Amino acid sequence: MAAFIGLFRRDLRLAARQGGDTSLVLGFFVIAVVLFPLGVGPEPAVLQRIGAGIVWVAALLAALLSLDRLFQSDYQDGGLELLALSSLPLELAVLAKCAAHWVATGLPLALISPFLAFLVDLDPEAIPTLTLGLLIGTPALSLIGSVGAALTLGARRQGALLSLLVLPLYVPPLVFGAGAVEASVAGTGARAHLLILGALTLAALPLCPWASAAALRQALE
Amino acid sequence: MTEPAPDLVAEDLACRRGERLVFAGLSFRLPPGGALMLTGANGSGKTSLLRLIAGLIAPAAGRLAWGATPIADDAAEHRTRLHYVGHQDGVKPGLTPRETLAFWAALRGKEVRRNAPALAAALAAFALEPVVDWPCRWLSAGQRRRLALARLLVIPAPLWLLDEPFSGLDDDNRVRLEQAIGAHRAAGGRVALATHMAIEMADAGRLALDAFAPAHSVANG
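Chains as they are written, first to last, in the working numbering: chain A, 1 to 221; chain B, 1001 to 1221.
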């Protein structure tokens, strides 16, 4: 347990000191969302219709942006060998790193989403659903992304390869995340969508660290 | 200790990297207090052997055991027995030496306060006191090396695996490391180290890896 907490805290401390990841992700998120009203025009009806999708797609892309760094520096500086030799099973080490990644990226994304919802003129009634959906769904983004990050470790053009691998896997959270907001706008209730989103995160919780750890062992060979 | 600690025994080990057989038919025995110096040309498999002993890679053939128990059978237990200091130091530029050592101790499942005596003693043993609270990005290559070596002293472990530990160290620090190794062996610890420097060490076994290169590459070379 000390190892899990130690790794989680170290990764958070590194993220806070380097500062780059969180602000980069947030900056990208804001800019990507702002581009849409400029592109499709400020027609409120159009924006309201596609707003939830815009925010979710931008959140996916922003989350993707920081993923290639998840294991990269540990892989390059020998830290990964120390993780593999630690008292912590590699699966739990991945989980600790994903948790820190989520706190540094997914959580801030969810927290600023209400402000972006205003930009796309989303129905104010639906804003809690959007934020709640992001809170539930972004852990799945970090977890699924860790598999891609581990598999592409050491590859040339890691970032591009990572997007190709991970974005298709982001489809289910996107469908149910955006669907929840639509359902809440339509007044049919977002509960079912949010529950499925939660199920996705819960399924990713044991499966993704297991797959990532297997890929990391391969990278260490 | 009630009964003497078992020997680390290797019998007829072979190592394969990709298509290439690096060495074969390698046997040694490392008793408590013993030292094993691995010598050989570049590419003769010194690092591979150390990684193999650490359990990071699996042998292609042969047996590696702690007493009577093959290390593959109690991998988790084996990890707690060893310290591995590889080529790379695993030092993060954004952390201070003190934080780095505390994190490495946490990885081994031990909560170590940042002002714990064990930490201070390890830092002092490699004369790192003046830089304890600097970010590691300011450290020289030799200082990073010493920080990686200080890890050996924070949490005791009976088996040290050191890959070129003397590289980058000046004369004073080379003596400090020799003293640390001497004290470790006097307390019943064992050490396997790869080096191509002429290091004098009291009754150390020597293993010249060139002698275990597979026959065909000798014929070719």
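Mixed in with the good hints, there may be bad ones.
Said to hold, decoys possible - Derived coverage of chain B by chain A (criterion: at least 3 residues anywhere in the stretch with Cβ under 8 Å from a Cβ of chain A; other residues may be distant):
{"hint": "1", "segment": "1054-1067"}
{"hint": "2", "segment": "1081-1088"}
{"hint": "3", "segment": "1094-1104"}
{"hint": "4", "segment": "1166-1177"}
Claimed, not checked - Estimated spans, in silico, between C-beta atoms of each pair:
{"hint": "5", "chain 1": "A", "residue 1": "W210", "chain 2": "B", "residue 2": "R1029", "range": "35 to 41 Å"}
{"hint": "6", "chain 1": "A", "residue 1": "L169", "chain 2": "B", "residue 2": "P1070", "range": "35 to 41 Å"}
{"hint": "7", "chain 1": "A", "residue 1": "R156", "chain 2": "B", "residue 2": "D1073", "range": "52 to 58 Å"}
{"hint": "8", "chain 1": "A", "residue 1": "W210", "chain 2": "B", "residue 2": "D1073", "range": "37 to 43 Å"}
{"hint": "9", "chain 1": "B", "residue 1": "Q1179", "chain 2": "A", "residue 2": "Q18", "range": "32 to 38 Å"}
Hints are computed from structural coordinates only; laboratory data are not their basis.
This one's a predicted model, so the numbers in the text were calculated from it and none came from an experiment.
Even for Gly, the Cβ is constructed at its ideal location relative to N, Cα and C.
Now for the hints, and whether the structure bears them out:
1. 1054-1067: holds (count 4)
2. 1081-1088: Coverage by chain A holds here, the residue count being 5 at a Cβ distance below 8 Å.
3. 1094-1104: Three-residue rule met by the segment 1094-1104 of chain B, so holds; n is 6.
4. 1166-1177: violated (count 0)
5. A:W210 <-> B:R1029: 35 to 41 Å: holds, 37 Å
6. A:L169 <-> B:P1070: 35 to 41 Å: The hint (35 to 41 Å, Cβ to Cβ) holds, given that L169 (chain A) and P1070 (chain B) are roughly 38 Å apart.
7. A:R156 <-> B:D1073: 52 to 58 Å: Roughly 38 Å apart at Cβ, these two residues miss the hinted range, so it is violated.
8. A:W210 <-> B:D1073: 37 to 43 Å: violated, 22 Å
9. B:Q1179 <-> A:Q18: 32 to 38 Å: About 36 Å separates the Cβ atoms of Q1179 (chain B) and Q18 (chain A), which means 32 to 38 Å holds.
The structure shown violates the earlier hints numbered 4, 7, 8.
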